[in-house]
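Put together the whole structure using the sequences plus the hints.
First to last, the sequence lines map onto chains A and B. Residue numbering for the first sequence follows full-length UniProt numbering, starting at 1 and increasing by one per position. Residue numbering for the second sequence follows full-length UniProt numbering, starting at 1 and increasing by one per position.
Worth flagging that the hints you see were computed from the coordinates, not collected in a lab. Please note: incorrect hints may appear among the correct ones.
No copy labels: a pair is met if it fits in one copy or bridges any two.
Claimed, not checked - Straight-line alpha carbon distances no greater than 30 angstroms define the calculated DSSO-like cross-link-like pairs of lysine-lysine that follow:
1) K371 x K342
2) K366 x K429
3) K16 x K73
4) K359 x K342
5) K309 x K240
6) K366 x K342
7) K240 x K104
8) K371 x K428
9) K104 x K290
All values reported here derive from a predicted model rather than from experimental measurement.
Protein chains: 2
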Amino acid sequence: MSSGSYRGAGAELLSKHGVSAGDTVSISIDGGETMTGVLMPRYESASDSYIVIKLKSGYNTGIEAAKIKSITKIAGAAGTAATKVTQQQQPSPPSKQEDVKLPKIALISTGGTIASKIDYRTGGVRAALSAEELYASVPELASIASVDPEVLMSEYSENINPGHWTIMADRIADKVRSGRYDGIIVSHGTDTMHYTASALSFALQGLPIPVVLVGAQRSSDRPSSDAALNLIGATTFAAKAPVAGVFVAMHAGTSDDAVAVHIGTRVRKNHTSRRDAFESIDVTPVALVKDGRVEMQKQSGIDLVPRGKGKLNLQSSFDSRVALVKYHPGFDPTLVYWLISKECGAIVFEGTGLGHVNKNLFGVLKEAAEKGVHMFMTSQCIWGRVSMTVYDTGRDLLDIGVVPLSDMISETAVVKAMWALANTQDLKKTMQENLAGEMSSAIPI
Amino acid sequence: MSSGSYRGAGAELLSKHGVSAGDTVSISIDGGETMTGVLMPRYESASDSYIVIKLKSGYNTGIEAAKIKSITKIAGAAGTAATKVTQQQQPSPPSKQEDVKLPKIALISTGGTIASKIDYRTGGVRAALSAEELYASVPELASIASVDPEVLMSEYSENINPGHWTIMADRIADKVRSGRYDGIIVSHGTDTMHYTASALSFALQGLPIPVVLVGAQRSSDRPSSDAALNLIGATTFAAKAPVAGVFVAMHAGTSDDAVAVHIGTRVRKNHTSRRDAFESIDVTPVALVKDGRVEMQKQSGIDLVPRGKGKLNLQSSFDSRVALVKYHPGFDPTLVYWLISKECGAIVFEGTGLGHVNKNLFGVLKEAAEKGVHMFMTSQCIWGRVSMTVYDTGRDLLDIGVVPLSDMISETAVVKAMWALANTQDLKKTMQENLAGEMSSAIPI
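This is the structure:
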């Protein structure tokens, strides 16, 4: 982190009050409000008329210089976390003393916005920061856990494919088997983080520790970035949670101080840009992480595995010969003939409502069934359970051999089918079994 | 409606208190609660230990006989709406007096659960009730409007295809042009009601009156049916709303007394079974209908057309050569080659996040663009706006010629593309114009 000096109105203000980046300051604003935090360096992309402070929550906020009445220095850079940033530019291995006191966490970086910075040439965001830089830029982590960072890959998550899942699962298994870690964090782009979370849930069954995927909707050099808060939340959960398994930790709700932790197979990115884009589907989040505490939530229908009880069963292969087909009026049934010709192993339908498709597909679905293509039904409604015994259409589809997947979301279903096709003998049976919380017997209202 | 006699515990209770189906009764329940409504006939499918009353809200509720302390008859069947049910088994044309006093509404039935009944042989639900039966079974309608019912078709909505949209649009246009109606209601299965609502929104631009699609998540002979409430809400909106256009009216929230009215191009079925499954996406609902009143909601970013201002422009053709493609990790890029070979006119992608797909698709997308296939980008996140200038991937897709569709939902985008392909010269330009509220400049938080 450079000292990145402010310019214009911001620079004048800081000079007037004798403060500089790294100082802990108390800022009094028009209207009587006071905000306390660490004065951050100026970002290249920021307006000259704003200054940015990192609040205690880990959240950065920009304050318009014109609205600032006064700035009081509470502590100089030397006495604050901001100094640690500089000190940890080249993180050194934690001391023996830290080893004893703090939980040990592995941080595996795969890319995405949480590890990205602005490309000043194009104005866009590029995957660039290393796990080391990330760790260095969120000094709060040092007080929660002894974090051991590693860059495994650097991919936008839209480019992540099943081959990457295998690499990630194998590397995580290595770290779990080393017995050195209390938890593992995987930083990941948000676009397909929920697909990867599903994939790791099936590939890494029986985990004795939490594996927590984390991302950011806004990059870490933007004032509104959720990178620090999310990383702190993920680390806290990985270090302290009483449960094991694969989870996703992201900004909760519209408040700026809580991170929600979701079951890896039951989470979906439901907004293109909001920081609270990730939501648990048909279940409540596992936990909220707030003020350094893990608040476990009451679950219905999902049995969480206690930390330390599991025995890892790594099955990290995936077979991509699975299609996800979303039905819509005017859908061309001949697509299914093409899938048969491609020797597709399984088709996951996103049907309408309780799990329906147009009756004009019945003919080709019968042919697909006869040719050994496994077919599964989920709902494009997203929430709720498919139920194919209510209407004629559903019963006809059951007769043809289309298998309903209860309340499994389609994204999880397609990943599970790719995993089951590579690792199990009876695809149909495996798809209907709950392996990693992907299906539940009760849906909370 | 038959007198459908109760049996067992229910029959004993009714006999003891001297009440029968059609009577308005006040029922006192263990715990002190009292419920007032019209005693409904016993349903074939109902348990003998429950009796059912229709509350003032139009909502039916079942009460366990064992929990009933007393039943008081408030009015006999002769003095209640329940008698009208029998009288209106064969609805007669409204009298001249009614014509003058009440708004005139056309009710077009197309099928679905709102017009369905239990098939006692299979236990499933079959599309069966005619619009006449529907009208007869919700006598409250008679006090809101003079309703003119017609059965146009009887299809489960999963079987509705673009050809049906044309038939519906043409028939609605006939009714609008007759000048006889203050509003039109279209009863429709819920599975694809939002696709049809989009289709009618584009086919029937410039409507001078409201066209309101309505359905039911639970059939009208089930105690928890939303059929009556939704139909009453749709009729009230069609009769009284100050705005014109195509809307969807369905049960709002978890309360039992409000119906939400959504813009036809901005609504989605978001739950497989809940009565409040339909939600406006990225906009607030147009109105809530409650206690017979239309409460218009504050809109942001969408201009509603006042009633009576429009001049109908019927363009009811649709060209089905449009594919909806949902990207996922492991997606097979050769699907796009198949779509090119099928002379697909347009592909609507459901990309990840802000509108991305894997870079391994770039090659085939370039070929598709060169072959004249129009390509559009929406997001599988559902909520939020695509933005393809933030990341490298988005900018690369823009360079290839993939056109971003702002906050248009994918279901609306595929319908609009089918409509635009049949009715306009410049598909790309039409898709980027807001024609029926399908895109907005502001998204409410």
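Quick rundown of the hints versus the structure:
1. Taking identical chains as interchangeable, the C-alpha atoms of K371 and K342 lie at most 30 angstroms apart whether they share a chain (12 angstroms) or sit on different chains (23 angstroms).
2. In this assembly of identical chains, K366 and K429 lie within 30 angstroms of each other by CA distance solely inside one copy; the values are 20 angstroms within and 41 angstroms between copies.
3. For a Cα distance limit of 30 angstroms, the shortest separation of K16 from K73 inside one copy, 12 angstroms, qualifies, whereas the shortest one across copies, 82 angstroms, does not.
4. In this homomeric assembly, K359 and K342 come within 30 angstroms of each other (Cα to Cα) both inside a single copy, at 23 angstroms, and across copies, at 22 angstroms.
5. Taking the shortest Cα distances, K309 and K240 sit within 30 angstroms of each other inside one copy (15 angstroms), while across copies they are farther apart (63 angstroms).
6. Both within a single protomer and between protomers do K366 and K342 lie at most 30 angstroms apart by alpha-carbon distance, with minima of 17 angstroms and 22 angstroms respectively.
7. For the identical chains of this complex, K240 and K104 are intra-copy neighbours only, at 11 angstroms inside a copy versus 65 angstroms across copies, given an alpha-carbon limit of 30 angstroms.
8. For a Cα distance limit of 30 angstroms, the shortest separation of K371 from K428 inside one copy, 15 angstroms, qualifies, whereas the shortest one across copies, 40 angstroms, does not.
9. Taking the closest pair of Cα atoms, K104 and K290 come within 30 angstroms of each other only inside a single copy of the chain (20 angstroms); across copies the shortest separation is 57 angstroms, beyond that limit.
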